[in-house]
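*Asks:* Sequence:
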Amino acid sequence: MNYYEHTLIARQDTSPSQIKQLEEKYKKIIENNDGNIIKFESWGLMHLSYLIKKNKKGNYLHFKIEGKGKTIKELEKNEKIDKNLLRYLTVKVKKLDLETDYFKKTDEQQK
Numbered sequence: 001m002n003y004y005e006h007t008l009i010a011r012q013d014t015s016p017s018q019i020k021q022l023e024e025k026y027k028k029i030i031e032n033n034d035g036n037i038i039k040f041e042s043w044g045l046m047h048l049s050y051l052i053k054k055n056k057k058g059n060y061l062h063f064k065i066e067g068k069g070k071t072i073k074e075l076e077k078n079e080k081i082d083k084n085l086l087r088y089l090t091v092k093v094k095k096l097d098l099e100t101d102y103f104k105k106t107d108e109q110q111k
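For the sequence shown, the working numbering assigns the number 1 to the initial residue and increments by one for each residue that follows.
If you are wondering where the hints come from, they were derived from the structure by calculation, not from laboratory data. Check each hint, because a few of them may be wrong.
[Stated by the list, open to error] For lysine-lysine, the following DSS-like pairs were computed, each having C-alpha atoms within a straight-line distance of at most 30 Å:
{"id": "1", "residue 1": "LYS20", "residue 2": "LYS53"}
{"id": "2", "residue 1": "LYS53", "residue 2": "LYS28"}
{"id": "3", "residue 1": "LYS70", "residue 2": "LYS28"}
{"id": "4", "residue 1": "LYS25", "residue 2": "LYS68"}
{"id": "5", "residue 1": "LYS80", "residue 2": "LYS39"}
{"id": "6", "residue 1": "LYS20", "residue 2": "LYS54"}
{"id": "7", "residue 1": "LYS28", "residue 2": "LYS77"}
{"id": "8", "residue 1": "LYS77", "residue 2": "LYS64"}
{"id": "9", "residue 1": "LYS80", "residue 2": "LYS28"}
{"id": "10", "residue 1": "LYS77", "residue 2": "LYS57"}
{"id": "11", "residue 1": "LYS70", "residue 2": "LYS53"}
{"id": "12", "residue 1": "LYS73", "residue 2": "LYS54"}
{"id": "13", "residue 1": "LYS25", "residue 2": "LYS53"}
{"id": "14", "residue 1": "LYS83", "residue 2": "LYS53"}
{"id": "15", "residue 1": "LYS39", "residue 2": "LYS83"}
{"id": "16", "residue 1": "LYS39", "residue 2": "LYS70"}
{"id": "17", "residue 1": "LYS83", "residue 2": "LYS20"}
{"id": "18", "residue 1": "LYS80", "residue 2": "LYS27"}
{"id": "19", "residue 1": "LYS53", "residue 2": "LYS95"}
{"id": "20", "residue 1": "LYS39", "residue 2": "LYS77"}
Please read these numbers as outputs of a predicted model, since none were measured by experiment.
Given the sequences, and given the hints that come with them, work out the whole structure.
*Replies:* Below, the structure is given as structure tokens:
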């Protein structure tokens with residue numbers, strides 16, 4: 001089994017309930033195709049570096065997955081036709097970093 005980090009960017013006007021539905025939909029696809037979700041993170045609404053389909057912001061969802069190539073192939077096949085998504089990216093990694101929360105706000109950042 002291989003390890004993957006998979007990030008989705010959903011449209012900025014997607015409601016929290018739709019974000020939850022996207023999360024459940026892709027979790028189900030991963031699990032139905034012999035994949036295992038090690039960790040899921042919702043990074044929230046963040047600015048994009050450039051306009052994508054007339055959107056300045058996007059809702060980021062990040063999965064850390066253990067699975068096979070067919071798991072990722074099926075996942076990306078479904079993402080290509082999803083109108084709520086702006087972009088997606090899958091990176092194959094040798095080891096998953098489960099310790100670091102890159103987008104978690106610390107006390108200093110909240111001030």
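*Asks:* Does each hint fit the structure? Answer for all of them.
*Replies:* Tested hints:
The hinted pair formed by LYS20 and LYS53 meets the criterion: a straight-line CA distance of about 22 Å does not exceed 30 Å. This hinted pair checks out: LYS53 and LYS28 have alpha carbons roughly 27 Å apart, not beyond 30 Å. Of the pairs offered as hints, the one joining LYS70 and LYS28 holds, with about 14 Å between alpha carbons and a cut-off of 30 Å not exceeded. In summary, the hint linking LYS25 to LYS68 is supported, as the alpha carbons are separated by about 18 Å, within the 30 Å threshold.
In summary, the hint linking LYS80 to LYS39 is supported, as the alpha carbons are separated by about 23 Å, within the 30 Å threshold. Only pairs whose Cα atoms come within 30 Å are accepted, and LYS20 paired with LYS54 is accepted, the gap being roughly 23 Å. A hinted pair counts as satisfied when its Cα atoms are at most 30 Å apart, and LYS28 with LYS77 qualifies at roughly 14 Å. At most 30 Å may separate the alpha-carbon atoms for a hinted pair to count; LYS77 and LYS64 meet this at roughly 18 Å.
Between LYS80 and LYS28, the direct Cα distance comes to roughly 17 Å. Compliance with the 30 Å bound is thereby established for this hinted pair. For a cut-off of 30 Å, the pair hint linking LYS77 to LYS57 stands: about 24 Å separates their Cα positions. In summary, the hint linking LYS70 to LYS53 is supported, as the alpha carbons are separated by about 29 Å, within the 30 Å threshold. About 27 Å separates the Cα atoms of LYS73 and LYS54, which keeps this hinted pair within 30 Å; it holds.
Proximity of LYS25 to LYS53 is assessed by CA-CA distance (about 23 Å); at most 30 Å being required, the pair is judged to hold. Only pairs whose Cα atoms come within 30 Å are accepted, and LYS83 paired with LYS53 is accepted, the gap being roughly 11 Å. Restraint check for LYS39 and LYS83: the C-alpha separation of about 25 Å stays at or below 30 Å, so the hint holds. A C-alpha spacing of about 19 Å is found between LYS39 and LYS70, which places the hinted pair at or below 30 Å, so the restraint holds.
The straight-line distance between the Cα atoms of LYS83 and LYS20 is roughly 15 Å, inside the 30 Å bound, and the hint therefore holds. The straight-line distance between the Cα atoms of LYS80 and LYS27 is roughly 16 Å, inside the 30 Å bound, and the hint therefore holds. Proximity of LYS53 to LYS95 is assessed by CA-CA distance (about 33 Å); at most 30 Å being required, the pair is judged violated. For the given pair, LYS39 sits about 22 Å from LYS77 by alpha-carbon distance, which is consistent with the 30 Å threshold.
The earlier numbered hint that this structure contradicts is number 19, and it is the only one.
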